[in-house]
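Going down the list, the sequences are from chains A and B. Remember, the numbering used here sits 407 above the position in the first sequence when you count from 1. Remember, the numbering used here sits 15 above the position in the second sequence when you count from 1.
Each hint should be verified, as a subset may be incorrect.
[To be verified] Negatives, chain A to chain B, calculated, CB over 12 angstroms: (1) L468; (2) G482; (3) G514; (4) S522; (5) R559.
[Said to hold, decoys possible] Straight-line alpha carbon distances no greater than 20 angstroms define the calculated EDC-like cross-link-like pairs of lysine to aspartate or glutamate that follow: (6) K114(B) x D614(A); (7) K120(B) x D454(A); (8) K536(A) x E448(A); (9) K114(B) x E148(B); (10) K114(B) x E508(A); (11) K120(B) x D626(A); (12) K121(B) x D567(A); (13) K518(A) x E448(A); (14) K457(A) x E508(A); (15) K114(B) x D94(B); (16) K120(B) x E448(A); (17) K121(B) x E448(A); (18) K121(B) x D588(A); (19) K490(A) x D454(A); (20) K120(B) x D51(B); (21) K121(B) x D454(A).
[As the list claims (entries may be wrong)] Covered, in the sense of this in silico footprint (three residues per stretch, anywhere, with C-beta under 8 angstroms from a C-beta of chain A), are these stretches of chain B: (22) 41–52; (23) 140–153; (24) 161–170.
Hints are computed from structural coordinates only; laboratory data are not their basis. C-beta atoms are modelled at their ideal positions from N, C-alpha and C, and glycine is treated no differently.
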Amino acid sequence: MRSYSILALVLNIFLARSAAGQTVVVDTTSQNPSKIDQPREYSIGIDVFKNIPYMLIGNQLPRPLYSSATMFNRGIFEIVARKQTSTNRYLTGLVGYAQSEIQYTEGVEVKDRVSGWYAKVGTEWLVGKVGGRSSIGLSGMATYCTYRTDYRFNGPTFGDYIGQGFTRNIGVGIELYYGYDIPLSPQFLLRWITRVSLHYRIAGVGDTPYYPGVGIVFDSYDPIVSFGTTLQLHYWFNR
Amino acid sequence: MKNYLSGSLLLVVACISLGCYDCGPQAEPTIQLNIDRSSLPTLYRISALGTQSDSAFLRALEPGLFGNTVGLPVSMLQDSTTYLLYSENQTDTLTLFYKRIFDIKKQCGYYIDLAEPDASPRFRTTIANVSVEYNSYLGPTRWNRSRPLGIIVTTRNP
């Protein structure tokens, strides 16, 4: 009985293919009917959250753990791309630019102007049930940022010395994240991403209270651990 | 209080074992002037050219504090500082040349240091028998080593 139904199925496929004028060879990918229903998807998105809380608190963040520092004029711009490579696996890439200014009220440094570029490339796996919304991702990242610093040495007798310094920083890191998909329409997808990043500066000198691509630095020098959560708005191209 | 004590004890232990780093003045540096009183027996006041305030000099020469060694501020705005040394019958000058270094270091952030000038002279003075020694203002400090010394000017018996 069972062999009859399999035979009927094979015959059915054979006839259907023949009728459509296609090859009779049944390849492995077309054996799974769900693959025919869901073509490999890809999407491009932008970050739509990172600048919002910062704007809501008045474009300045007092005391980012340096007691006399205020961060202001911070802006983050990120473009992210995501491409399905198999049923439960995606390739992801991100390019970002971030800048900020940091004003100090004590110490030698008066003001920092930070700007930097970063790129993240990684793999993402769907977790949970098939067709679920959760995924876990692992990315490698490379960062480049510059610090332009105004400093002042107090000179009560002859006058203050005011100078400007410039440093370049290069770093690498890995990022582990959890993504939760919220489809808004057949074309738009909102993704909630929560990450932990481990970053290490391989070239550069000086304190970096804000590191583009990584975030606020909690009193560490070359290694940085940071957490973050954000929203990305994606546009599906072939779905 | 207990945390504070254990914290500072830890810091002391860390300094002894690993060595602390002295980042220098992080402001207007001072030179050490060692005066042999026989070379300037009636010195009563020191000043410098281009000062905005003389209070550092007055403090250096306060009665009671005025021993054989005084600390004098150095200008960060130019590569030399000219000191005026007022004695009863004459005014001596001492012009000290140096190279200013403004840079960034892992241990310190931005710092200022002074070094020997690239071109001579190192100093010009109307005082007889003066010598100048250039040391960095920054450096590691350990329990068996003194602080970085900076620039030391010594007048000797003519």
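Tested hints:
no.	hint	in the structure
1	L468	21 angstroms, holds
2	G482	25 angstroms, holds
3	G514	8 angstroms, violated
4	S522	18 angstroms, holds
5	R559	9 angstroms, violated
6	K114(B) x D614(A)	26 angstroms, violated
7	K120(B) x D454(A)	36 angstroms, violated
8	K536(A) x E448(A)	18 angstroms, holds
9	K114(B) x E148(B)	13 angstroms, holds
10	K114(B) x E508(A)	32 angstroms, violated
11	K120(B) x D626(A)	16 angstroms, holds
12	K121(B) x D567(A)	23 angstroms, violated
13	K518(A) x E448(A)	46 angstroms, violated
14	K457(A) x E508(A)	16 angstroms, holds
15	K114(B) x D94(B)	6 angstroms, holds
16	K120(B) x E448(A)	49 angstroms, violated
17	K121(B) x E448(A)	47 angstroms, violated
18	K121(B) x D588(A)	43 angstroms, violated
19	K490(A) x D454(A)	17 angstroms, holds
20	K120(B) x D51(B)	37 angstroms, violated
21	K121(B) x D454(A)	34 angstroms, violated
22	41–52	holds (count 3)
23	140–153	violated (count 0)
24	161–170	violated (count 0)
Of the numbered hints given earlier, the model fails hints 3, 5, 6, 7, 10, 12, 13, 16, 17, 18, 20, 21, 23, 24; all others are met.
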